[in-house]
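Asker: Here is how the chains run, residue by residue.
2 protein chains.
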Amino acid sequence: MITGEMHHTFGVFFPLSFLFLVSPCSGGNILVYPVDGSHWINMKVLVEELHAKGHKMTVIRPSNSWYIKENSPLYTSITIKLEEDFKNVFDLYLEEQIRVQREGASLLSFFRLNNQFMTMFTQAHGFWCDVAKKVLEDKKLVKQLIDSKYDLVLTDPFTGSGVILAKYLNLPVVFNVRWITRGEGHFFMAPSPLSYIPVPGSGLTDKMDFIQRIKNMFFYSIIKFQEDKVLLIYDELCNKHIEGGCSIVSLLQQADIWLFRSDFVFDFPRPTMPNMVYIGGFQCKPAEPLPADLEKFVQSSGEHGVIIMSLGALVNGLPNDITDEIATVFSKMPQKVIWRHTGDRPSTLGNNTLIVDWMPQKDLLGHPQVKVFVAHGGTNGVQEAIYHGVPVLGIPLFFDQYDNLLRLQERGAGKIIQLADLNSHSFEKGLKDLLHDSSYRENIQRLSRLHKDKPISPMEDCIFWIEYVIRHKGARHLISEAYKMPWYSYHSLDVLLLLLAVLMVLLYSIYAVFRCLCCRRKRKTKPKQN
Amino acid sequence: MITGEMHHTFGVFFPLSFLFLVSPCSGGNILVYPVDGSHWINMKVLVEELHAKGHKMTVIRPSNSWYIKENSPLYTSITIKLEEDFKNVFDLYLEEQIRVQREGASLLSFFRLNNQFMTMFTQAHGFWCDVAKKVLEDKKLVKQLIDSKYDLVLTDPFTGSGVILAKYLNLPVVFNVRWITRGEGHFFMAPSPLSYIPVPGSGLTDKMDFIQRIKNMFFYSIIKFQEDKVLLIYDELCNKHIEGGCSIVSLLQQADIWLFRSDFVFDFPRPTMPNMVYIGGFQCKPAEPLPADLEKFVQSSGEHGVIIMSLGALVNGLPNDITDEIATVFSKMPQKVIWRHTGDRPSTLGNNTLIVDWMPQKDLLGHPQVKVFVAHGGTNGVQEAIYHGVPVLGIPLFFDQYDNLLRLQERGAGKIIQLADLNSHSFEKGLKDLLHDSSYRENIQRLSRLHKDKPISPMEDCIFWIEYVIRHKGARHLISEAYKMPWYSYHSLDVLLLLLAVLMVLLYSIYAVFRCLCCRRKRKTKPKQN
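Chains F and X are the protein sequences, given in the same order.
With this note's numbering, letter number 290 in the first sequence gets 599, and the count goes up by one each step, no holes.
With this note's numbering, letter number 321 in the second sequence gets 630, and the count goes up by one each step, no holes.
I should point out that these hints are in silico values taken from the structure, not numbers from a laboratory.
Don't take every hint at face value.
If several chains are the same, the list does not tell them apart, and a pair holds so long as it fits within one copy or across any two.
No more than 25 Å apart at the CA atoms, straight line, and that leaves these computed lysine-lysine pairs for BS3-like [unchecked claim]:
| id | residue 1 | residue 2 |
| --- | --- | --- |
| 1 | Lys761 | Lys362 |
| 2 | Lys362 | Lys763 |
| 3 | Lys763 | Lys594 |
| 4 | Lys782 | Lys516 |
| 5 | Lys671 | Lys594 |
| 6 | Lys549 | Lys449 |
| 7 | Lys793 | Lys516 |
| 8 | Lys761 | Lys782 |
| 9 | Lys476 | Lys390 |
| 10 | Lys476 | Lys516 |
| 11 | Lys524 | Lys793 |
| 12 | Lys763 | Lys365 |
So here's chain F without its partners, still in its complex pose (with noise of 0.2 Å):
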C-alpha cells in the first residue's frame, strides 16, 4: 500500500537538474518573436530559463514595448521602430469593459464588450503585422537574421508575426501558445468536439445540456467569424513575402512543437496532437521567506490566518464604490488582510488591512497562514493559486479570466463574483463560504497534488522540448498531414459527396428500371382490358 507519507514525497517535482546532468545541451541560437503585455511576463520566465541554460537568445521588440526592455543580461534585442502607441487604447478598454460590466449582465452589454473588444483587439493586430512587415521589408535587417543561423524561433502565437518570420527564415518553430488570435489553440489544432468542449467566452464546462450546447455552438460560430476576419491581415502578409503564398493556419499547424500553457488538471480534457506539450504552471515555484516586516504582519494574524488580493498587473484600479465595499468587508473580518492595490486609498479601510503596490504573491500564496486569495484570474494567479493549494475567490475583469475562475469553480477549489454582482453582501458571503467551508480547500490541495504529480516538472518539459528541436533540427514526424489538406478533404466531405452521388444513381436507376417494368406491364395489361 502506499502510504501518505510517499504521496508527500512525490509530491514534489524532480529537482530540475537531474535531467541535465544526462542532457548537457547548451548554447542554442534563439530568435525569441514575444507578445508585448502579460504574454512578455511569462516569455520572460521562459527566457531567463533558457538563458541559465547557456542558450543565446535574440528578442524582436517594438520600440515602444510596454515591457520588453531593450537592454537586459538575458538576451540581445532588435528594436523595430514604431510611431503609434497602443497602451492608451488598451487602457481606455479596460476601463469601459469594467463601466459595462457594472451595468449587469444582458444580450446588450454581451455585444457592447464583444464589439469594443474586437476595435481593440483589431488595432492591435494590426500593430502587430506593421512589426512584421518591417522587419521583413527590411533587406539589412533579414541579411543579418539569415547570417545569425538561428536554431529555431521562439515565438507566441497570438500574434501570427512570429511564425510568418519563421517561414521567410526557413526555421524551426516552437510555440509558447495558449490563445491565438481570437481563439483557443486547440481548436486550431486538433478536432474539438462543440458537444463537450465549451468555447472560451461561453461560460460553459464541458457538461453541457441541450440548450447549453447551441449557445456553445452560437458562440463558435462569432469567434470563428471574427477570427477569419482578424486572420485575413495575416493571410496579406504570408502572400506577399512567402513564396508561393500560403494561409496563416497552415503555419500555425506547421510549427514542430506547441508549449501549451495549460494543463488537464486546470482544464477539461480534450483531444490534443502529439507535438503538444501542456506546460501550465512552468512558471510556478516554492514559496521563499517573506520579507521581516511582512513575515511579521502575516504572523500577527494568529489562528484566523491571512487573505491576499490581487487584481493583477494591467488594471489601475477598480472604481471607489467598489473598493470601498470590498474594504468595509475587510475590516470586518477577523483576518489580516494584504491587498495590492494601486488606485486611491478606500475611504473604509479597517486596521487589518494592508495596502501595498506590489507583493511577493508566490511567497505569500506558499505561506500557510494565507487562507484565501481574491484574484482577477488571470493565468498566472490561478497557475499559482493550485500550485500552493490556496482556494480563489474570483472577481473576472475581462479576457479569459472567467473561464479560468470557472475551471477553479468548477472543480469546487474556487468562487466566481461577477462584476455586475460584487456588493459588500456578496463579497462577504464569498470570503466566509471560502473560509469556513473546508471543502474549497481540500479540493484545491487535491489539484495542487494532482498537479505536481508528474514524470518532470512542466519547465523541465519546457526546456527538453526546445531543446529537442535544436537537436533533431525540427520535430516533423510529430505534425500530422492536417495542415495540408482544404477542409473539405480534411472532414472528408468530398469522400462523402461522391459516395452519396453513386448511391444517388444507383437507387434513381432502380426506380427508371422498376419505372420501366411497370410501364410495359401497363401497356401489356391495357390491350387486355380494352
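Based on these hints, arrange chain X on the given structure of chain F.
Answerer: Frame of chain F, contents of chain X only:
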C-alpha cells in the same frame, strides 16, 4: 551549437533508477487481466518490472493457457477451468492465411482472408467471454476478488473482459493496449479523421490521394461493421452483470490510463487524448554480450557482417518451397546468416547459414556486425529494430504485420516483400538493396535516435502512470466527457438538426410572406387591367 557527442550522450534513456529515488512507491496490489499469445509476451515484460518495483500481482488465466504459467514467482494466479482448446483453431488459421496469400493478391483473396480472420476471431472472443462469465458467475471467486482490495485492474483491452470485471469490482483501470477487438485503440478514444488516418489493414499511409481516401472509407466501414458485431457479445455481458447495464465501448472510454504500445516515431501522427501515454518500445533493452560460440560466428563474418532472420514465435514454418528459395539466396551472400527456423531443414542451405531454434534477438540486433533483420513485422521485432537501428526486410504474414512494416518502409528504414511476391529473385534484390543502399541504415538510425530521445523512457512512463493511478485512486480528471454521450450528441447532430429546422421554418416564413405579398399585388393590379 549542439555537438555530435552531446547527441550521443542524450541518445540513451535516463537510468530507470532516477525516478524511483524520488518516488519509492511500492506495494500496490494489482489485478492483471491479460490476453494470451503474443499479447502476453509484452504484458509479462510489464509484470516483471512491476514485480521488481515491489508490486503484488494476481493474474487471471484460463486453465489451457498457451503462455501464461500457473506458477510463477512474479504473481499469484487465478485459473479458470475451460474445456475448449483454441490453439488448434488458431494454428489452422495461420496455415490457411499463408496458403491464401501465396495465391496472390486479389479482391477475392482479400474477402477470403477477411472471412477466415472473422471466423477465428469470433471464436476467440467467444472463448474470452466464457472466461469472464465463469469469473463473474463464481460467487466465491467474486467475493475473494472484492476482499483482496486491489488498487487497480491492469488489462489488455483486446478482450473486453478485463474492463467489465473492473467495472464490476469498481476499480480503476490501466490499459496495456494497441488493439481493441477488431480495431485500433485510437478509433475508440480520439477523433480520427479518415482523411489522413489510414485504417489498419488498408495498406495505406497518412498521405492519401482521393481514390485512396475512398478506399480508406471503405475499409473503415467493413471494420466498423465487423467490430460492432464482435462488441455485441461484450455488451450482453455488461447488461447481465453491470448494474443498470452499459455498453462495452463506454467502459473502454472510461479507462483511467491507456498505456499505448506505439509512439509517433513508429506511427503516423494523429489526434490523441490526455490519458493516452505512448509506451512504444517499452520492452526494448540495450544489448548484452552474445554467448561465446555465437559471438565467434558473428565475428567470422568480417567486413560483410551478418543477416539475421526470424518470423516470430507464432508461425511454425513457411512452406518448404519458400524456405528453399530463401536458403538459396542466403547461400549466395558474402554475409553470415543466423536464421531462427523451426520447420524442415531447407535442402539448399549454405555453409554461411546457421539455423537456430531460438536466438537472443535483441543482443544480435544491438551487435554492430548485424546489417539486416529479415522479419515478419510483429510489433516487438519492429520496435527492437528501431531501438537498435537495424534496417528491416519484412515478410508480413498476418494481423498488423504489414501495417507495422509499412511504417518502416514509408520512412525509408525497411522494405516489404509480400508472400505472393516472395521468390529468390525478389528476396535477393531486397537483401542487396538494404545492404548496399546506406540510406536505409541512416534512416532507421535516425528513428532510433528520435525514439530514444525522451524525457523518461517508455518503461518508466508505464511504471509512473500505474503508480499514479494507485496514488490518486484513478485519473478521472484526464477522462473526457465524450463517453457519456450518445453518438448523435457527441457529433452535435441534434443541435445541427434543430438549427436546420429553425432555418427551414425561417426560409419558409419568408417565402410565405413574399408569396402573400405577390398575391395581393396581383389581385390589386388585375382589376385595373381588366
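Asker: Now look at each hint and say whether the structure bears it out.
Answerer: For each hint, the structure was consulted:
1. Lys761 x Lys362: Cα proximity of Lys761 and Lys362: in one copy and across copies (23 Å, 22 Å).
2. Lys362 x Lys763: Cα proximity of Lys362 and Lys763: in one copy and across copies (22 Å, 18 Å).
3. Lys763 x Lys594: both (15 Å within a copy, 24 Å between copies)
4. Lys782 x Lys516: between (41 Å within a copy, 22 Å between copies)
5. Lys671 x Lys594: Close inside one copy (7 Å), not across copies (43 Å); limit 25 Å.
6. Lys549 x Lys449: within (18 Å within a copy, 75 Å between copies)
7. Lys793 x Lys516: Classified as between: cross-chain Cα gap 10 Å, same-chain 33 Å, threshold 25 Å.
8. Lys761 x Lys782: So Lys761 and Lys782 pass the 25 Å test across copies only (16 Å; inside, 31 Å).
9. Lys476 x Lys390: For Lys476 and Lys390, the Cα distance is within 25 Å only inside one copy (23 Å; across copies 64 Å).
10. Lys476 x Lys516: between (39 Å within a copy, 22 Å between copies)
11. Lys524 x Lys793: Between copies only: 20 Å across chains, 31 Å inside a chain, cut-off 25 Å.
12. Lys763 x Lys365: between (29 Å within a copy, 23 Å between copies)
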